[in-house]
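Participant: One-letter residues, chain by chain:
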Amino acid sequence: MTTTPYIQFFDGPDFDGTGEHRHELLGGKCASLVALTQAGMPVPPGFAITTASYDAFITAAGIQDDIHSLLEGLDADDVAAVDRVSAQLRFEIESRPVPADVRADFVAAYHALQDRFTEPVPVAVRSSATAEDLPDASFAGQQDTYLWLTGIEDVTEHIRRCWASLFTSRAITYRLKNNIPNEGLSMAVAVQKMVNARAAGVAITMDPTTGDRSKIVIESSYGLGELVVSGLVTPDNVTVDKIMLMVVKRAIGSKHAELVPDPEAAGLTELEVSAERRDVLSISETEITAIATIAKKAEKHFRCPQDIEWALDRDLPDGANLLLLQSRPETVHSSTAKASTPATAASNGNFGIASITQALLVQAGKA
Amino acid sequence: MTEKSFPSPYDQAPAAGAESWKELYAYNLVFQENRREVEEGKFWFCDSQHWPTVTKPFETIGFEFAVSCLGQYNTRHLLIPPANGIEFRIHNGYVFMSPVGVPEAEIAPRVPEFMARAGHYFQNWETLLEQWQGKIRGTIDELGALSFEALPDRVDIDDVTSGKGTGPNNDLLARYDELIALTYRAWQYHFEFLNLGYVAYLDFFSFCKEAFPGIPDQAVAKMVQGVDMELFRPDDELKKLAKLAVELELTGMFGDTENPEATLAGLAAASAGAAWIAAWNDAKDPWFNFTVGNGFYAHDKYWIDHLELPLGYIRDYIGRLQAGQTIDRPVAELIAERDRITEEYSELLSPEQLAAFEGKLGLARQVYPYVENHNFYIEHWTMGVFWRKARELSAMLQQQGFWAEADGMFFLRRDEVREALFDYVTGWAVGAPAIGPDYWPEEVERRRAIVDALQQQRPQPALNTPPAVITEPFTLMLWGITSDQIKNWLGDSDAPEGEFRGMAASSGVAEGPARVISSSDQLSEVQEGDILVAPVTAPSWGPIFGKIRATVTDIGGMMSHAAIVCREYGMPAVTGTGTASAQITTGQWLRVDGNNGTVTVVEGHTGAGHAHDLTLAGDAAIQLEDALDPAGLEALDGTVFEGSHA
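Quick note, the sequences are listed as chains A and B, same order. Using this note's numbering, the letters of the first sequence correspond one by one to residues 1 to 367. Using this note's numbering, the letters of the second sequence correspond one by one to residues 1 to 646.
Only chain A is shown next, with the shape it has when bound in the complex:
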């Protein structure tokens, strides 16, 4: 695994040797995957195409000036103009060749990744933006993700699409409205072994409905996790006690559809889930414990509540098939958690006979 200015494997060394510029070079998504991999988490293997690749590409393509001039003086509220500029910039990016040195490093990395497996594996390509360039939390799920790609040309094409996604109408408008300059705009891309998910979903290391931090809530459905993340299926919902790793509540979701690989189309297809499979949990008790354990570890490692994406890979043996796809700080609920912490009897600080009496009366429904 060679780290070059253009490529960094998730399990490879940082280019700068310290990881200090990791976020700037790799974008949030890839930086997170590198951090998780380094923390010993079972992250599917892959590599980052660094922001240096993008920069070299733009320079070689000679479109830096076009970008500036087209965006100069653009009115964020002029939807038609924004759309026109967006289309043109994206066309320019997607139609230019990748510089030879960047391409050579990418091709080598792609082969190095494939060499880890006995047969060719499909990959996912995802954009990995540096923090300021793209909309934040409210744009969750808006980043570009291309699943189940096979072959170098296909992958290259989608890498350019990820780069081009810096100039979607939405991104342009966002930057204009927030006065984010176009100078230094860049984009990294993740190329990662595709998980052949039997079941997948998310897990939050707290109960988002109550703010109770002694729980882990797992959402799970069949197939790839995209349908859960985008809210297209009602997943199973399992609450686990974080300390004891015991299930305290389970609700079976309707999970009517699943996204699975389609060998004929060499891509993905959405299938209906049979009634029998809908009626049972999509994950076993052992898998629930394993998912909760991983979520708990992520939280412990990053020292704040986490929101993880996980998948069970059907190509890997039981016990080694749980993969962590993503872990990010849980922001929405953590900020409100303190206010919603139970406070009544729990906070009166009185543990003598008075509180015992109170507890007895409460237990008997008399207080």
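These aren't lab readings, by the way, just hints derived from the structure by calculation. All C-beta atoms, glycine included, are put in the ideal place defined by N, C-alpha and C. Incorrect hints may have been included.
[Unchecked claim] Dumping the calculated PhoX-like pairs for lysine-lysine here, alpha-carbon to alpha-carbon at most 20 angstroms: (1) Lys487/B to Lys249/A; (2) Lys249/A to Lys209/B; (3) Lys243/B to Lys284/B; (4) Lys239/B to Lys284/B; (5) Lys209/B to Lys243/B; (6) Lys239/B to Lys222/B.
[Said to hold, decoys possible] According to the in silico footprint, chain A covers these stretches of chain B (three or more CB under 8 angstroms from chain A): (7) 69-83; (8) 104-116; (9) 192-203; (10) 453-462; (11) 516-525.
[What the hints assert, rightly or not] Calculated from the model, a selection of chain A residues having no Cβ within reach of chain B, i.e. all distances over 10 angstroms: (12) Tyr110; (13) Leu113; (14) Pro122; (15) Tyr174; (16) Thr210; (17) Glu285; (18) Asp315; (19) Ala354; (20) Ala359.
Position chain B relative to chain A; hints supplied.
Facilitator: Coordinates of chain B only, in the frame set by chain A:
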């Protein structure tokens, strides 16, 4: 939706051959015909946790004393605001209970009384408990001093010349009364602290349930429970003796433990044997006052009366030591786990909450050892002495021709025993034969047949219509009678075929072949790697817990003996399944999930494979655990994600 109910006791025919069973018991213990309306208005649950088999007439003393003394403390000593005692009846030979609430209007006035009374105990716990130790040991000594010998042909000349003025018949009657009175006294002491122990536990429990909604009951139990209890001393003593035998190279002396006299004589004669025998004698008193039963039956065997039991366990332990196995309970791990759990919950609390949490936990931990240890002093030690004395009396009367078998007396009620004794002393006094030998042998055999007939039929789990929700704290805590449990009994459980649901009483997951045990006499059938399935277990089954993989019981809550023992031994347990022991057969392959409270019969398993210990959460979790340990990783920090959304 029609409300589901359990049958009325008035609609249940007794087993064939047991039609006249009610005559065996006191009038106040059975459901009387003319009280139908009153009795049907109450919900009764069967306490098969403490009385799993039919109670013989003399044995009613156990639940009469125990349950009335429990009530006495709630109702009259402590005035626990919402809870009075628990009514009890015997029905078709089995014991049923019904908790008694406190009328709404009386609850508030009891509060200041309760606070003064219970508060005093909590404030002076250690001194009062020390005093308790003295009281109970004194009572046991008094019981131990009783003797029931046949009356002599003539009064001792010294008693005549000293002018004593009374005969040994007078003493015999007095000693019987004393036997009963001392036992009643011991049961009062039993509950002097127990209810308070539960109350303090409940307080911490309620706090945790509020701070961490849905926290598993087991988490609370694990935080409170001690790991080095007197209740576990007897088993620990056996382990020490096994190690000593290995150390002194005496392991060859345990070939025939079924013959304790010969084994002990052999040990005494062996070189270095004297040291082992001295250690054995030290351990014996009091720690072998330990029953393989539960203290409530006349036939319960106590180690001290059946030395082949401890010797057999020691032999097993020696075998395991020689096979290189560890026989000690994982005390260090249990303490580490308890500290981990406590710390992880603590970290989630605000400073004010933490103060309350620590205070309540501190009190619960202070009072909790009693909840376990009293069992040794009363059920094991006191009751061991009581039953030994009662058997002595029964055997003496057998010699006088009152009954054919040594256990004849236990088919009499305790008031009838006094009648028979008076008959005996009268015959002695008058110089004419007592009437008993012409009356009791036939009557005892008739009653024995009825008890045998009753034994053929299992009890209903409960009687009449259950309340919508169970709120009575002791019913929940001691017996695990929850609304879900009742639903289970009524067949409303949504568990699929071949699955049993109960309380997740001790965590972990294990698979193995079932070994269904319905009495302690079958304990020797238990094989290495079995999953123990029983209506109920006793703490004294300790020595077999080193062999088994998991435990499943029909009845019992988080604080039942099976639950406590399994947590102490770090082994999965599912308690309160209702009917698992009746439906599972020995040899079936089971998967016991102590995290979720489920027991599954694994179909199609040949049973030939090895038992699996699946306690840990899959290899992935272990790998992860290992991978995350390196300290250097701590340098990484979560801020790298800030603002990232990709």
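Participant: It remains to establish, for every hint, whether it holds in the given structure.
Facilitator: Taking the hints in turn, this is what the structure says about them:
1. Lys487/B to Lys249/A: 18 angstroms, holds
2. Lys249/A to Lys209/B: Distance of about 14 angstroms is within 20 angstroms: holds.
3. Lys243/B to Lys284/B: 16 angstroms, holds
4. Lys239/B to Lys284/B: 13 angstroms, holds
5. Lys209/B to Lys243/B: Cα-Cα ~43 angstroms, so violated.
6. Lys239/B to Lys222/B: 24 angstroms, violated
7. 69-83: holds (count 4)
8. 104-116: This one holds; 5 residues, not fewer than the three required, reach chain A with a Cβ under 8 angstroms.
9. 192-203: holds (count 4)
10. 453-462: As far as the stretch 453-462 of chain B goes, the hint is violated, because 0 residues have Cβ atoms under 8 angstroms from chain A.
11. 516-525: violated (count 0)
12. Tyr110: 20 angstroms, holds
13. Leu113: Holds, since 19 angstroms exceeds 10 angstroms.
14. Pro122: 20 angstroms, holds
15. Tyr174: 12 angstroms, holds
16. Thr210: Contrary to the label, Thr210/A does not stay out of reach of chain B, its closest Cβ about 6 angstroms off (not over 10 angstroms).
17. Glu285: Check fails; 6 angstroms does not lie beyond 10 angstroms.
18. Asp315: Holds: least Cβ distance 15 angstroms, greater than 10 angstroms.
19. Ala354: Ala354/A is in fact no farther than 10 angstroms from some Cβ atom of chain B, at 7 angstroms.
20. Ala359: For Ala359/A, whose nearest Cβ neighbour in chain B is about 4 angstroms away, the distance does not exceed 10 angstroms, so it is violated.
Against the hints set out earlier in the document, violations occur for numbers 5, 6, 10, 11, 16, 17, 19, 20.
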